[in-house]
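Q: Residue numbers (this note's numbering), protein chains in the order written: chain A, 477 to 592; chain B, 199 to 310.
Treat the hints with caution; some may be incorrect.
Said to hold, decoys possible - Taking beta-carbon pairs under 8 Å as the criterion, some of the chain B residues facing chain A (in silico): (1) F232; (2) R235; (3) D237; (4) E241; (5) P242; (6) L244; (7) L285.
Claimed, not checked - For lysine-lysine, the following DSS-like pairs were computed, each having C-alpha atoms within a straight-line distance of at most 25 Å: (8) K243/B - K547/A; (9) K240/B - K485/A; (10) K533/A - K200/B; (11) K200/B - K559/A; (12) K485/A - K309/B.
Hints are computed from structural coordinates only; laboratory data are not their basis.
Virtual Cβ for every residue (Gly too), placed ideally from N, Cα, C.
Below are the chains, spelled out letter by letter.
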Amino acid sequence: DGGITQSPKYLFRKEGQNVTLSCEQNLNHDAMYWYRQDPGQGLRLIYYSQIVNDFQKGDIAEGYSVSREKKESFPLTVTSAQKNPTAFYLCASSMEARGVYNSPLHFGNGTRLTVT
Amino acid sequence: RKEVEQDPGPFNVPEGATVAFNCTYSNSASQSFFWYRQDCRKEPKLLMSVYSSGNEDGRFTAQLNRASQYISLLIRDSKLSDSATYLCVVHGSYTNAGKSTFGDGTTLTVKP
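One chain only, chain A, in its complex shape (with noise of 0.2 Å):
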């Protein structure tokens, strides 16, 4: 079956560890996410990319890197210089492609980061 595959699903670490987590879509989608979720919050922006060695900074970026050498990946690094890391984090991917708006999002199971 295809889908979006994040691991893990619980993550704690130190403060000032850098953590990464990983994304795997196999639904062939050209675009990917990455977006926080806080208690009680709606979904924010941290990275997008539409195409393999491309992404932009979405509303959150500060804290965070990401890659995407792979159409199938798109890994997520929470660096020691983001404040508040502690959330939750969904990956998703479309079949987003130039000109093309109208494919929805397709998510993962999500990581819980704790950082203490």
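Chain A is already provided as a structure; the job is to place chain B on it using the hints.
A: Relative to the frame of chain A, chain B by itself:
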């Protein structure tokens, strides 16, 4: 002002009730619109796309008014299983292709 604004909620309704959620967006160049459902501590899942002509899927009806920059979701004959948070999503524009913006969500609780 937020790019996408939803009714604050929460909505608490009895089974069988009809409930409507509203959503407004600020970018008039936005291209596509969706409603997602999110259960507690889970990922959002697509409920339905929203088309200019309006569209219906069983008990759910979505409407789009581009002139007023307004989206709505109507749920008829509410079920206990409809209890969730409903997210309005506005996607893309000619100057901001590839970006989806989410509303903060409206929480619905359907009671017996």
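Q: Are the hints correct? Go through all of them and say.
A: So, going through the hints one by one against the coordinates:
1. F232: Where the cut-off is 8 Å and the nearest Cβ of chain A is about 5 Å from F232/B, the hint holds.
2. R235: violated (11 Å)
3. D237: violated (12 Å)
4. E241: With a closest approach of 4 Å, the E241/B hint holds.
5. P242: At about 6 Å, which falls below the 8 Å cut-off, the nearest Cβ of chain A leaves the hint on P242/B intact, so it holds.
6. L244: Since chain A brings a Cβ to about 5 Å from L244/B, closer than 8 Å, the hint holds.
7. L285: holds (7 Å)
8. K243/B - K547/A: Judged against 25 Å, a Cα distance of about 22 Å means the pair holds.
9. K240/B - K485/A: Given pair K240/B, K485/A holds - Cα atoms ~11 Å apart, limit 25 Å.
10. K533/A - K200/B: holds (18 Å)
11. K200/B - K559/A: OK: K200/B and K559/A at ~23 Å, within 25 Å.
12. K485/A - K309/B: Given that 25 Å is the threshold and the Cα spacing comes to 31 Å, the pair is violated.
Checked against the numbered hints given earlier, this structure breaks hints 2, 3 and 12; the rest are met.
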